[in-house]
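**Q** Position chain E against the provided structure of chain Z, taking the given hints into account.
First to last, the protein sequences are chains Z and E. Numbering-wise, the first sequence is residues 1 to 372 according to my numbering. Numbering-wise, the second sequence is residues 1 to 383 according to my numbering.
Note that these hints are calculated values from the structure, not bench results. Quick caveat, the model's predicted, so the values are computed rather than measured. Even for Gly, the Cβ is constructed at its ideal location relative to N, Cα and C. Each statement offered as a hint is correct.
Straight-line C-alpha distance at most 30 Å; calculated DSS-like pairs for lysine-lysine:
hint, chain 1, residue 1, chain 2, residue 2
1, E, K67, E, K23
2, Z, K243, E, K2
3, E, K40, E, K238
4, E, K238, E, K361
5, Z, K250, E, K238
6, E, K180, Z, K250
7, Z, K243, E, K238
8, E, K238, E, K181
9, E, K67, E, K238
10, Z, K47, Z, K199
11, E, K238, E, K180
12, Z, K47, Z, K243
Between beta-carbon pairs, the in silico distance windows are:
hint, chain 1, residue 1, chain 2, residue 2, range
13, Z, E134, E, Q26, 55 to 65 Å
14, Z, Q263, E, P201, 34 to 44 Å
15, Z, G366, E, G242, 28 to 38 Å
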Amino acid sequence: MDFTLDSETIALRDAVRGVLGRTYGSSEDRRAVTNDEPGFSEDTWGKLAELGALGLPFSEDDGGAGAGPIEVSVVAEEMGRVLAPEPFVESVVLAGGLVAAAGDDAQRADVLGRLSAGEIVLAAAIVDSSAGGEVTASGSGDSWTLTGVKEPVLHGARADLLVVTARTDEGLGIFLVEADASGLERTGYRTHDGGRAAKVAFDGTPAVRLGSGDQSDVLEDTIARARIAYSHEAIGAMDTAMKTTVEYLKTRKQFGVTLNTFQALKFRAADLYVSMELVRSTVLWSTLVLADAPERAREAAARAKLQVSRAGRHIGQEAIQLHGGIGMTAEYSVGHYMSRLTAIEHWLGDGSDQLRTLAATVGDHGVLDPIG
Amino acid sequence: MKLRLSDEDAAFRDEMREFFTTKVPQDIRDTVAARRELSKDQFVRAQQTLNEAGLAVPNWPVEWGGKDWTPLQRHIWHEEMQLAHVPIPLAFNASMVGPVIAAFGSQELKERFLPATANLDIWWSQGFSEPDAGSDLASLRTTAVRDGDEYVVNGQKTWTTLGQYGDWIFTLVRTNPDVKKQAGISFLLIDMTSPGLTVRPIELIDGGHEVNEVFFEDVRVPVGNLVGEENKGWDYAKFLLGNERVGVAPVGSTKRLLAQAKEIAGDRLSDPILSSRVAELENGLLALELTALRVVAHSADGKPHPASSVLKLRGTELQQEVTELLVDLAGPDSLASGAGDGSDVPDWSRVATPQYLNFRKASIYGGSNEVQRQIIAGTILGL
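Pulled out of the complex, with its shape left as it was, chain Z reads as follows (with noise of 0.2 Å):
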């Protein structure tokens, strides 16, 4: 059991912050580039695609870099430290994860080859559109068609490749979509946390398929990965969040006096504390499952989901309210955590997906042994 960084992963989480730092060094940094298109910063992605980030979970032959969950969770920290817009989790962990468990060796080699070079960005099509529309998927062999509504397809607008779910005969399948294919229509927007997202629609559109047979564990078995580099992304963001609202407190006068004089504001402050500490610990934790024990990840992914929409509710709200009305402000840093960590929240399901996953096996086990 060992909770320390290696000197090399130490030396990635430094070139990554030092890069990122470089791009966002402060709240308005990145309130310009998320208010231009496409979102984030095409120079920042390349920057991240030469310091290998971008091909960290594939596998050399694949073009990628061939490390593991500890790694990705380090980038994906950074990445929420400071708010960084650029599409790391949903391009690399999902798209190209999905990518590298289903595709073949010539579709791995090209996709997650070309993607782990900065040259393209991936987005995941995984949720249908909530006004009906589950897209379908029909043909055979190298000939499909997709048919129907994905929203919101995070990055959709963008992206140069769609990695897509649909429902083909034998279950679930997994397809790729060019951006220029035939019967596409995508129609982008901003979302709340100054990221981006499409409506895509799917008309007779022409699409690879990647394997064969249900995906749906496939499918599974990538949203917990997902689950997991989304938690590191989330507990960077808190991380800032709760170091800003203390220095708030150390700095802002009222009555004459500092906040931290008062000691209502002190506690509050100290379950923060708490509560960061405490989904730090269940984060990295699930990290290590999945390095070591990846028949426990989806357990792990749902354990460390809940214990974010716990904290992260807790710690964006706190954050903004213990800085009065300033952390309303779009001008000012804490509330854009808290509009990422609710993002982040309730994308992959939310604290309450995970409870009623947790709620439904926890008759299964007497005392939970994290090691064993």
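**A** Same frame as chain Z, now just chain E:
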């Protein structure tokens, strides 16, 4: 970073598990499992069983019976003991006065007290809190005035847990009233059979007799019973309380209790309201346990990690929440706490409410949870 225990630590865990589940007398483990009060004799037999195997005081220096274990191994020892329903060695002996004597006591005090303390031949009581010195412990007023080769002690201590069994009491006493309050305190060991010392029970809301008041009227104590230097007692007390906080997050026993609650709930776990409450508690306990492991990994220098306040705070909250769950599971049967032989109410239901009431203490003792928040805000966040 890695998840698994090393082969060495895994073997250590198996060894501990084997010992605790096969060598500690079954009647004692059954009493703990049934959440019934242990007798003095059971406490003593349990600790002597551990001590015989060298497992009672691993946190002490090796020359006094301690073990050269890593912090992780000590954690495993502590957890496995709780999971096996084995009573933890008496805290007053094993984690409070023993380490203080070992660290600050004279060679004579060490030889006289440490072996008997490890073996629970001497039952120690704690004489810290006073009626007007609770969270503000340093304002204590019990005095010790030097008279030749003796101190004359006058005053009152309170909340002395299991003081009815005590042979000796370690006390904080004021030896200099004229300096800053922390600078005039000494750490004095007092024979509880001394003339002028009386112990009076305090009945608690659960109906039990767990704590006491201890009165001192001109109690004469040899100066040789002073630990370390006169007026340095506050330093020793801080050392002691730091140790207390580390062991105060009862992860293993709370996990075990939650597992018992699930067993009791049985088919009722199909109720989503109940099962989600249990799942949320289980996730909270997981976060606590993992935080304890992180703290353990980073306290290699022997000093308590500042985040140990998190463990005390959240550990006691979860302990209380699980005792609360058991009362709710018992429902109307939870009123039958006084039921005798003719009653059909199961044993676990009878003890549920007294234990729930009793464990309100957990967020008060060992530095109340408000004191822990103060520590977190001050020493960690710099507020």
